[in-house]
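2 protein chains.
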Amino acid sequence: MLPEDVLVSAIARAVGEPSGGVVLGIGDDAAVLDDGTVVSTDILVEGVHFDLGRTTPRDVGHRAATANLSDLAAMGARPVALLAAFGLPPGFDDAAGVAAGMREHGVPVAGGDLSRAPVLIVSVTALGRSDRPVRRSGGRPGDVLVVTGPLGGQAAAGYAGRVMPRTVEGCALAAVATAMIDLSDGIATDAARLARASGTGAVIELERLPRAPGATVEQAATGGEDYELLAALPSGTEAPVPVTIVGRLTEGGDVTMVDAVGVPQQLRGWDHFA
Amino acid sequence: MLPEDVLVSAIARAVGEPSGGVVLGIGDDAAVLDDGTVVSTDILVEGVHFDLGRTTPRDVGHRAATANLSDLAAMGARPVALLAAFGLPPGFDDAAGVAAGMREHGVPVAGGDLSRAPVLIVSVTALGRSDRPVRRSGGRPGDVLVVTGPLGGQAAAGYAGRVMPRTVEGCALAAVATAMIDLSDGIATDAARLARASGTGAVIELERLPRAPGATVEQAATGGEDYELLAALPSGTEAPVPVTIVGRLTEGGDVTMVDAVGVPQQLRGWDHFA
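Protein chains in written order, with my numbering: chain A, 1 to 274; chain B, 1001 to 1274.
Just so you know, these hints were derived from the structure itself, not from any lab. Virtual Cβ for every residue (Gly too), placed ideally from N, Cα, C. Possibly wrong hints are sitting among the right ones.
Unchecked claim - From the structure, some residues in chain A lie toward chain B, with a derived Cβ separation under 10 Å: (1) G16; (2) G20; (3) V22; (4) D28; (5) V45; (6) L83; (7) A99; (8) V168.
Produce the complete structure using the sequences and hints provided.
Dropping the structure here:
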């Protein structure tokens, strides 16, 4: 596991099993409550996730919302509201710009909180709803793995442009997918997370990965922040939206990335935390 | 208005009116969705809200949850789940301790996110439910103002001890209150917020403020983080929980703090942001 996953496991142990109105807790893309509420939170930190010399406050807000809305999409949930907590450094005067960037997704920004902070902190929470949330854990050996679009675009572009979450695709795939995850840290990492949660292995065929313009195979496999969806579908399922088959779930716990002739390659996803 | 309130107004303009499934947006203690979901977010920043040399990670987590659960209490909502987004500085190894402190409130911690950060950041979101959320804006001239407990305790103690949110009291008062707010920034500031939202003035009688042990009148009026509730009740209402009458809402927009003989005093609440 990556350092972030180890920490998440320690926190999950500290807080114990889901209880009360929580039906799905730590360890998936989003939490699920017993009334169908699906909720996700993400934190972006200046100097870690973005550099204000290279991006605008509005783009930072857009991106923070994308990260959360993508988590909802990976559960097959439709978004209802966003909340924002900002830490504002001395001299930073465009909190309204960050909020305006969040608002561009068309989802209401319903509330938030402000504090001073040494660097710009943008912590966003997205609330949505789903009648049938799709977990990471429902995949079965033999399921095909599909992605919703080209990969490696953010890595190739230096993590600068805007990305839209796959909300429509996620809601459509929820009707047929056995498991789903969004590609925030690269398919090498995120496919392993889906397989581990499902108790399966996985094979990803690198040659099949749809590549964004300018992206190398390595960037397509390990670049973060593409926010495409990776779904497991029972073999033979017709996908309700355009997807590309990139591999399959297997028996056993190994996750391998193989080249065109089936030789395993060592590749590792992007760890925000390392 | 305090600097934080001015910024909040700018953000509210940037994001526009509540729409879709949001029935109450920016400007109250928490947001309200059309299915009765009530949600609040707060961000605590090391060096601004706490100092790790004087408090434990567990206490920081407890306090971050208190701030959010208090916001829910001020709406009369019962809590269902907490989410946590942590920014972790180099060398900090007790994220699980922060989460364990949150968990002590008995509310499930359902999910979260982690990042590196220059200082410890604890951004918590609380989700709850209410059939009849109480806004800040429903107060009417002539309503009496009541508080749920002693004030100034955190100011007197140097903002060190633990505070419990008034969840039971908030849910009970929701049946009778016309308006409610939690005292996070001191009654001088928060009473003015309630009165402004209600389109009224207010008079607070300083001699009536219940004081925590060791707290001065000034600390009771302006100290932050007590997390007692301030509710407006129609005159003559019998409160369902023990409260202390501290003043009343008035016609017109002025909010005055008066001494024992009715002379206005200049006092100002605590602004996390200034």
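Status of the hints after comparison with the structure:
1. G16: holds (7 Å)
2. G20: Holds: closest Cβ of chain B sits about 5 Å from G20 (chain A), inside 10 Å.
3. V22: Given a least distance of 4 Å, the restraint on V22 (chain A) holds.
4. D28: Check passed: Cβ of D28 (chain A) comes within 8 Å of chain B, closer than 10 Å.
5. V45: holds (5 Å)
6. L83: Holds, because the Cβ-Cβ distance from L83 (chain A) to chain B comes to roughly 5 Å (cut-off 10 Å).
7. A99: holds (5 Å)
8. V168: violated (16 Å)
When the structure is compared with the earlier hints, a violation turns up for hint 8 alone.
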